[in-house]
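Respectively, the protein sequence lines represent chains A and B. The first sequence begins at 1 in the working numbering and counts up by one. The second sequence begins at 164 in the working numbering and counts up by one.
Think of the hints as simulated: they come from the structure by calculation, not from any bench. Bear in mind the structure is a predicted one, so any value in this text is a computation, not a measurement. Mixed in with the good hints there might be a few duds.
The list that follows gives simulated cross-link-like pairs (lysine-lysine, DSSO-like), each with its CA atoms no further than 30 Å apart [claimed, not checked]: (1) K522/B with K396/B; (2) K177/B with K359/B; (3) K306/B with K62/A; (4) K72/A with K360/B; (5) K369/B with K66/A; (6) K72/A with K62/A; (7) K66/A with K305/B; (8) K461/B with K62/A; (9) K62/A with K341/B; (10) K66/A with K295/B; (11) K359/B with K66/A; (12) K360/B with K66/A; (13) K359/B with K62/A; (14) K683/B with K206/B; (15) K305/B with K62/A; (16) K341/B with K66/A; (17) K721/B with K206/B; (18) K474/B with K72/A; (19) K522/B with K683/B; (20) K461/B with K66/A; (21) K535/B with K683/B; (22) K360/B with K495/B; (23) K624/B with K62/A; (24) K495/B with K572/B; (25) K62/A with K721/B; (26) K305/B with K72/A; (27) K369/B with K522/B; (28) K359/B with K72/A; (29) K474/B with K66/A; (30) K396/B with K369/B; (31) K295/B with K72/A; (32) K306/B with K72/A; (33) K62/A with K360/B; (34) K341/B with K72/A; (35) K495/B with K396/B.
So you can see what is in the structure, the chains are spelled out below.
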Amino acid sequence: MRHIISILMENESGALSRVAGLFSARGYNIESLTVAPTEDPSLSRMTLVTRGSEEIIEQITKQLNKLVEIVKLLDLSEGLHIEREMMLVKIKAERANREEVKRLVEIFRGSIIDVTDTSYIVEMTGDGDKLDAFIRAVHEDLVVEVVRTGPSGIARGAKGLSL
Amino acid sequence: MELSGSEIVVQCLKDEGVEYVFGYPGGAVLHIYDAIFKQDDVKHILVRHEQGATHAADGYARATGRPGVALVTSGPGATNAVTGIATAYMDSIPMVVLTGQVPSPFIGSDAFQEVDTVGITRPCVKHNFLVKDVRDLAATFKKAFYIATSGRPGPVVIDIPKDITDPGVKIPYDYPEKISMRSYNPVTRGHTGQIKKAVDLIMAAKCPVVYSGGGVVLGNASESLIEIIRQLKLPITSTLMGLGAYPSSDKQFLGMLGMHGTYEANMAMHGTDVLIAIGARFDDRITGHVERFCPDAKIIHIDIDPSSISKNVRVDVPIVGAVDQVLQNMLKLLKDSKVEQDQDAIQQWWSQINKWREKQCLSYDKSGDTIKPQYALEVLHKVTNGDAYVCSDVGQHQMFTAQFYGFDKPRRWINSGGLGTMGFGLPSAMGVKMAHPDADVVVVTSEASIQMCIQELATCKQHSLPLKILMLNNGYMGMVRQWQEFFYESRYSHSTVESTPDFVKLAESYGHVGMRIERKEDLEQAMQKAFAMKDQLVFMDVVIDPEENVYPMIEAGKGHNEMYLSPESELV
Ligand SMILES: Cc1cc2nc3c(=O)[nH]c(=O)nc-3n(C[C@H](O)[C@H](O)[C@H](O)COP(=O)(O)OP(=O)(O)OC[C@H]3O[C@@H](n4cnc5c(N)ncnc54)[C@H](O)[C@@H]3O)c2cc1C
Ligand SMILES: Cc1ncc(C[n+]2csc(CCOP(=O)(O)OP(=O)(O)O)c2C)c(N)n1
Ligand SMILES: [Mg+2]
Numbered sequence: 001m002r003h004i005i006s007i008l009m010e011n012e013s014g015a016l017s018r019v020a021g022l023f024s025a026r027g028y029n030i031e032s033l034t035v036a037p038t039e040d041p042s043l044s045r046m047t048l049v050t051r052g053s054e055e056i057i058e059q060i061t062k063q064l065n066k067l068v069e070i071v072k073l074l075d076l077s078e079g080l081h082i083e084r085e086m087m088l089v090k091i092k093a094e095r096a097n098r099e100e101v102k103r104l105v106e107i108f109r110g111s112i113i114d115v116t117d118t119s120y121i122v123e124m125t126g127d128g129d130k131l132d133a134f135i136r137a138v139h140e141d142l143v144v145e146v147v148r149t150g151p152s153g154i155a156r157g158a159k160g161l162s163l
Numbered sequence: 164m165e166l167s168g169s170e171i172v173v174q175c176l177k178d179e180g181v182e183y184v185f186g187y188p189g190g191a192v193l194h195i196y197d198a199i200f201k202q203d204d205v206k207h208i209l210v211r212h213e214q215g216a217t218h219a220a221d222g223y224a225r226a227t228g229r230p231g232v233a234l235v236t237s238g239p240g241a242t243n244a245v246t247g248i249a250t251a252y253m254d255s256i257p258m259v260v261l262t263g264q265v266p267s268p269f270i271g272s273d274a275f276q277e278v279d280t281v282g283i284t285r286p287c288v289k290h291n292f293l294v295k296d297v298r299d300l301a302a303t304f305k306k307a308f309y310i311a312t313s314g315r316p317g318p319v320v321i322d323i324p325k326d327i328t329d330p331g332v333k334i335p336y337d338y339p340e341k342i343s344m345r346s347y348n349p350v351t352r353g354h355t356g357q358i359k360k361a362v363d364l365i366m367a368a369k370c371p372v373v374y375s376g377g378g379v380v381l382g383n384a385s386e387s388l389i390e391i392i393r394q395l396k397l398p399i400t401s402t403l404m405g406l407g408a409y410p411s412s413d414k415q416f417l418g419m420l421g422m423h424g425t426y427e428a429n430m431a432m433h434g435t436d437v438l439i440a441i442g443a444r445f446d447d448r449i450t451g452h453v454e455r456f457c458p459d460a461k462i463i464h465i466d467i468d469p470s471s472i473s474k475n476v477r478v479d480v481p482i483v484g485a486v487d488q489v490l491q492n493m494l495k496l497l498k499d500s501k502v503e504q505d506q507d508a509i510q511q512w513w514s515q516i517n518k519w520r521e522k523q524c525l526s527y528d529k530s531g532d533t534i535k536p537q538y539a540l541e542v543l544h545k546v547t548n549g550d551a552y553v554c555s556d557v558g559q560h561q562m563f564t565a566q567f568y569g570f571d572k573p574r575r576w577i578n579s580g581g582l583g584t585m586g587f588g589l590p591s592a593m594g595v596k597m598a599h600p601d602a603d604v605v606v607v608t609s610e611a612s613i614q615m616c617i618q619e620l621a622t623c624k625q626h627s628l629p630l631k632i633l634m635l636n637n638g639y640m641g642m643v644r645q646w647q648e649f650f651y652e653s654r655y656s657h658s659t660v661e662s663t664p665d666f667v668k669l670a671e672s673y674g675h676v677g678m679r680i681e682r683k684e685d686l687e688q689a690m691q692k693a694f695a696m697k698d699q700l701v702f703m704d705v706v707i708d709p710e711e712n713v714y715p716m717i718e719a720g721k722g723h724n725e726m727y728l729s730p731e732s733e734l735v
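With the rest of the complex left out, here is chain A (with noise of 0.2 Å):
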């Protein structure tokens, strides 16, 4: 099963390579990780997606929050919560398909932030399926370069993950 982990941790420079030598050490797939300071620049949080079973995931948080300088940790999959990915797309954008191009990014409700005389670039927030459906629905000769960010996520709902 797939599950996206909320983490708050102290923001010092070594914290980020526990985590990761944390899934290498054991074997645990991260499929995408995300960190970035808070609002209290003491405290980064991380949004981690990984698979497995219902008892390695258990081990993961167990041994995640293990680690002396997690905080706080969340498996936002326990709950209703909202993912957010964001991507940008460079595209190919001729005479011929530039208007088919911008149709879909309507559609898509994502923006054009670069305009060339033979190519886009696309930003687009979603979730994971929605830019996935993007990238299928752009013939593929057309895409030159995907650069997608890996999900945030936050619990739904009046309560934070906090200290």
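Guided by the hints, dock chain B with the ligands onto chain A, whose structure is given.
Coordinates of chain B with the ligands only, in the frame set by chain A:
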């Protein structure tokens, strides 16, 4: 008080109550060594290899429960220390290792004797620090000692760049009284509801077994354990790491369990309806095939580390907490409880266990003239009144010691279980002897293991550490040879130690006493003589039966009811 970084390092050790530092100097720690030179409170023990420093600090910690401290230089000093750090990590031993690092501005430039110590040690420490500012030093030490000794203990590395210890830069020093870390709050108190559930389950059990482990030793919970076992007449078995927490000589003790555990212990595991695991981590040497592990049991597991629980085997009643606290709570609940145990069932269970005991699975052939390793350990027990600190290396001799020495007290059995580090015995014994100068401290080893850290014989001379070394010389890497005999049709590929030194001369050349013992009838007297030399390290080279095997044995991945008991026996 204004101190330099190097003075702060030493002062922090003093303020932590550290008596001994086991170390080896080098460029990156020279400022610290200079500060050590100028005081007498913290005593430095100069080893001959950094692996020895870490094992010695580890031995000190195992024997006392207080954190051991080692000090090594950057680069090769740090890499040499890694084996000792990993050894302590696997057995959850509290230790603080100070490593020198190249000066901060040089970090990352492939400077002379630079390695990424924090990176290299990350997977085998409980935590590590790179000190970036001299003003952080004191707080880092406080955190390191706190982390190493609290919760599930473990080694902590503090990597200190040379400029941080610059004697020319003085800053105000104040050692923090207390430290609190928002990201580190180990649990101690077990959940009352869970403890109550466990008590109910134990009281209702017809065939209960306690499986106790190193956590009972680490958590100083021996007394509580004994109390509860006696009160409820529970059969108890122990892992290799838990030996001594419950007296081996007591009739409720079934012996060690697992791969080389006793028949009765393993059969009881197989037949139990309620397994009570206390401070043990369901290691694969214990569980064998996990699907065939305790097939009929409800399992209670007390452990301070949530990640030990349901890691290898799913348990029914997890209790996260310090074992002593949890057992005390259980005893309190038992006092108020009106439920009675099913005495008939327990009685029957004991008679079943006693039938298993009749197999006498640890019996060995006493007829010949050769010295059997089992016999040598029985003699050792006799000569030391079973009261020595026994430090072991890794191999058959380690298993024989576990089976035959009969530990009656915790912290007397010092060995590397999790990592199985050959070379651990001698240096760890140095740490034990520093901690208990008046006690008998014995190294049980064999001719392969002893050569991995033999250079520490010089340390023993320099620091007057009169250890007794009992080397069971079988001329083989016995444990390897045994596996090759069983599983590779006796093709003894590179497990023969074909060239060994003359150990008597070797001991003598280091300034110690050497003895070679070849005849069974000489053994006891020789050992008496050796132990009577209170001020001398005596190296006993005891020639034993070269092809003796350790029994019982469960093949890796088999069930507890599938044991080999002797060379002749079929699987029982
Ligand atoms: C050649 C060889 C053969 C071996 N054969 C065997 C064998 O036949 N049988 C055997 O038993 N072992 C054997 N071992 C050892 C084995 O590899 C493991 O080291 C050992 O079984 C682990 O012991 P343990 O479960 O007690 O765990 P330990 O490693 O001692 O772990 C202690 C556990 O207690 C917990 N703990 C720590 N402090 C506390 C506290 N205060 N409160 C509560 N919990 C706490 C920890 O979180 C951990 O889970 C062998 C080793 C070697 C080298
Ligand atoms: C550092 C290290 N290398 C290799 C091993 C693998 N190993 C386990 S037991 C053993 C043989 C030990 O031989 P010896 O010290 O003579 O003990 P014996 O089994 O003969 O009692 C070896 C090589 C190990 N445990 N540690
Ligand atoms: Mg040998």
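Okay, the hints, checked on the actual structure:
A C-alpha spacing of about 22 Å is found between K522/B and K396/B, which places the hinted pair at or below 30 Å, so the restraint holds. Taking the CA atoms of K177/B and K359/B, the gap is near 43 Å; set against the 30 Å cutoff, the hint is violated. Taken as a hint, the K306/B and K62/A pair is honoured in the structure, with Cα atoms around 22 Å apart against an allowance of 30 Å. As the CA atoms of K72/A and K360/B are separated by approximately 29 Å, the hinted pair is consistent with the 30 Å bound.
For the given pair, K369/B sits about 37 Å from K66/A by alpha-carbon distance, which is inconsistent with the 30 Å threshold. For the hint linking K72/A to K62/A, the alpha-carbon distance of about 11 Å falls within 30 Å, and the restraint holds. At most 30 Å may separate the alpha-carbon atoms for a hinted pair to count; K66/A and K305/B meet this at roughly 19 Å. Proposed proximity of K461/B and K62/A is supported: the alpha carbons are some 23 Å apart, at most 30 Å.
In summary, the hint linking K62/A to K341/B is supported, as the alpha carbons are separated by about 27 Å, within the 30 Å threshold. About 24 Å separates the Cα atoms of K66/A and K295/B, which keeps this hinted pair within 30 Å; it holds. Straight-line distance between C-alpha atoms of K359/B and K66/A comes to about 26 Å, which keeps the hinted pair within the 30 Å bound. Among the hinted pairs, K360/B with K66/A is consistent with the structure: their alpha-carbon atoms are about 26 Å apart, no more than 30 Å.
The straight-line distance between the Cα atoms of K359/B and K62/A is roughly 24 Å, inside the 30 Å bound, and the hint therefore holds. For the suggested pair K683/B and K206/B, the alpha carbons sit about 42 Å apart, so the restraint of at most 30 Å is broken. For the hint pairing K305/B with K62/A, the CA-to-CA distance comes to about 25 Å; that is within 30 Å, so the pair holds. Proposed proximity of K341/B and K66/A is supported: the alpha carbons are some 21 Å apart, at most 30 Å.
Distance check on the hinted pair: K721/B and K206/B sit about 49 Å apart at the alpha-carbon level, beyond 30 Å; violated. Of the pairs offered as hints, the one joining K474/B and K72/A holds, with about 21 Å between alpha carbons and a cut-off of 30 Å not exceeded. The suggested pairing of K522/B with K683/B holds, with an alpha-carbon distance near 26 Å, which does not exceed 30 Å. In summary, the hint linking K461/B to K66/A is supported, as the alpha carbons are separated by about 27 Å, within the 30 Å threshold.
With a C-alpha separation of about 8 Å, the suggested pairing of K535/B with K683/B holds against the 30 Å cut-off. Restraint check: the Cα-Cα separation between K360/B and K495/B comes to about 14 Å, which is no more than 30 Å; the hinted pair holds. Simply put, K624/B and K62/A have alpha-carbon atoms about 46 Å apart, too far for the 30 Å limit, and the pair is violated. A C-alpha spacing of about 25 Å is found between K495/B and K572/B, which places the hinted pair at or below 30 Å, so the restraint holds.
Straight-line distance between C-alpha atoms of K62/A and K721/B comes to about 28 Å, which keeps the hinted pair within the 30 Å bound. For the hint pairing K305/B with K72/A, the CA-to-CA distance comes to about 23 Å; that is within 30 Å, so the pair holds. For the suggested pair K369/B and K522/B, the alpha carbons sit about 23 Å apart, so the restraint of at most 30 Å is met. In summary, the hint linking K359/B to K72/A is supported, as the alpha carbons are separated by about 29 Å, within the 30 Å threshold.
In summary, the hint linking K474/B to K66/A is supported, as the alpha carbons are separated by about 14 Å, within the 30 Å threshold. For the proposed pair K396/B and K369/B, the alpha carbon gap of about 12 Å is at most 30 Å, so the pair holds. Between K295/B and K72/A the alpha-carbon distance is near 25 Å, which keeps this suggested pair within the 30 Å criterion. Proximity of K306/B to K72/A is assessed by CA-CA distance (about 19 Å); at most 30 Å being required, the pair is judged to hold.
Distance restraint check for K62/A and K360/B: the Cα-Cα separation of roughly 23 Å lies within the 30 Å cut-off, and the hinted pair is therefore satisfied. Among the hinted pairs, K341/B with K72/A is consistent with the structure: their alpha-carbon atoms are about 22 Å apart, no more than 30 Å. About 17 Å separates the Cα atoms of K495/B and K396/B, which keeps this hinted pair within 30 Å; it holds.
When held up to the earlier numbered hints, the structure conflicts with 2, 5, 14, 17, 23 and fits the remainder.
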